[in-house]
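Engineer: The chain contents come next:
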Amino acid sequence: DAGITQSPRYKITETGRQVTLMCHQTWSHSYMFWYRQDLGHGLRLIYYSAAADITDKGEVPDGYVVSRSKTENFPLTLESATRSQTSVYFCASSKTRGGELRNIQYFGAGTRLSVL
Amino acid sequence: KQEVTQIPAALSVPEGENLVLNCSFTDSAIYNLQWFRQDPGKGLTSLLLIQSSQREQTSGRLNASLDKSSGRSTLYIAASQPGDSATYLCAVIGNAGKSTFGDGTTLTVKP
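As they're listed, the protein sequences go chains A and B. The first sequence begins at 1 in this note's numbering and counts up one residue at a time. The second sequence begins at 1 in this note's numbering and counts up one residue at a time.
Calculated directly from the structure, the hints in this document are not laboratory data. Using N, Cα and C, we set each Cβ at its ideal position, and we do this for glycine too. Treat the hints loosely; a few may be bogus.
[Said to hold, decoys possible] DSS-like mimics (lysine-lysine), calculated; alpha carbons at most 25 Å apart, straight line: (1) A:K11 <-> B:K42; (2) A:K11 <-> A:K57; (3) B:K68 <-> A:K70; (4) A:K95 <-> B:K68; (5) B:K42 <-> B:K1; (6) B:K42 <-> B:K110; (7) A:K70 <-> A:K95; (8) B:K98 <-> A:K95; (9) A:K57 <-> B:K98.
[Unchecked claim] Covered stretches of chain B (chain A as the covering partner; in silico rule of three or more C-beta atoms under 8 Å from a C-beta of chain A): (10) 19 to 28; (11) 34 to 43; (12) 98 to 109.
Make the full structure from the sequences, and use the hints.
Structural biologist: In structure tokens:
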């Protein structure tokens with residue numbers, strides 16, 4: 001009954017390093033999302049994926065890379081971390097994108113990333 | 001570009017009061033609208049989801065309404081309790097499956 005889990009919960013890294021945030025869901029949901037949450041900007045969509053091997057950009061994709069080789073995993077990589085990427089990152093999943101009740105988004109607990 | 005606004009940004013009420021949180025959006029072409037609760041340092045918990053064809057949804061003391069044509073949604077909380085203290089976020093889901101969130105309303109319910 002794990003649901004959706006993110007790892008690590010906390011990460012400190014240095015400018016220029018590559019960092020990968022992990023997201024795993026056990027529901028076989030089709031859609032997965034990555035958001036960042038910052039004071040003054042709220043939650044902003046970085047990338048999302050409709051299914052394995054299908055990804056698309058959200059509002060703020062620059063500096064991030066995603067992949068989805070398996071339905072249950074959706075890792076987010078910061079190729080060369082910058083201070084502006086210090087944020088709380090949330091992963092979410094939903095069963096379908098349609099106008100159906102199953103389209104509820106379920107969120108992970110978040111990863112707090114600090115780039116020094 | 002979809003924009004979502006939540007008013008007020010913060011609200012403080014005594015326990016037992018009924019209250020309304022507001023959410024407005026600029027593009028009425030949405031699939032659905034979802035209300036979330038976020039406790040400090042935690043993730044988001046879904047409260048209610050309203051499909052674009054619906055007018056309202058209810059869960060316990062919570063009632064959410066949607067007026068798509070005017071770009072508005074309200075979250076009504078009846079008989080508020082200190083445990084309701086949290087930040088409440090609304091999100092609209094567009095045709096491409098993308099979500100746009102408001103900045104939230106931080107609610108404090110005083111005992």
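Engineer: Work down the list of hints and note, for each, if the structure agrees.
Structural biologist: Results of checking the hints against the structure:
For the suggested pair K11 (chain A) and K42 (chain B), the alpha carbons sit about 16 Å apart, so the restraint of at most 25 Å is met. With a CA separation close to 24 Å, the supplied pair K11 (chain A) and K57 (chain A) stays within the 25 Å bound. Under the criterion of a C-alpha separation no larger than 25 Å, the hint pairing K68 (chain B) with K70 (chain A) is inconsistent with the structure, at around 36 Å. Restraint check for K95 (chain A) and K68 (chain B): satisfied, since their Cα atoms lie roughly 23 Å apart, inside the 25 Å limit.
In summary, the hint linking K42 (chain B) to K1 (chain B) is not supported, as the alpha carbons are separated by about 28 Å, beyond the 25 Å threshold. Of the supplied pair hints, the one linking K42 (chain B) and K110 (chain B) holds, its CA atoms being roughly 21 Å apart against a limit of 25 Å. A C-alpha spacing of about 15 Å is found between K70 (chain A) and K95 (chain A), which places the hinted pair at or below 25 Å, so the restraint holds. In summary, the hint linking K98 (chain B) to K95 (chain A) is supported, as the alpha carbons are separated by about 14 Å, within the 25 Å threshold.
At most 25 Å may separate the alpha-carbon atoms for a hinted pair to count; K57 (chain A) and K98 (chain B) meet this at roughly 9 Å. Judged by the Cβ-Cβ criterion of 8 Å, the region 19 to 28 of chain B is not covered by chain A as claimed, because only 0 of its residues qualify and three are needed. Look at the region 34 to 43 of chain B against chain A: 4 of its residues bring a Cβ nearer than 8 Å to a Cβ of that chain, three or more, so the hint holds. For a cut-off of 8 Å, the count of residues in the region 98 to 109 of chain B with a CB near a CB of chain A stands at 7, and the three-residue condition holds.
Hint compliance for this structure: hints 3, 5 and 10 are broken, all remaining hints hold.
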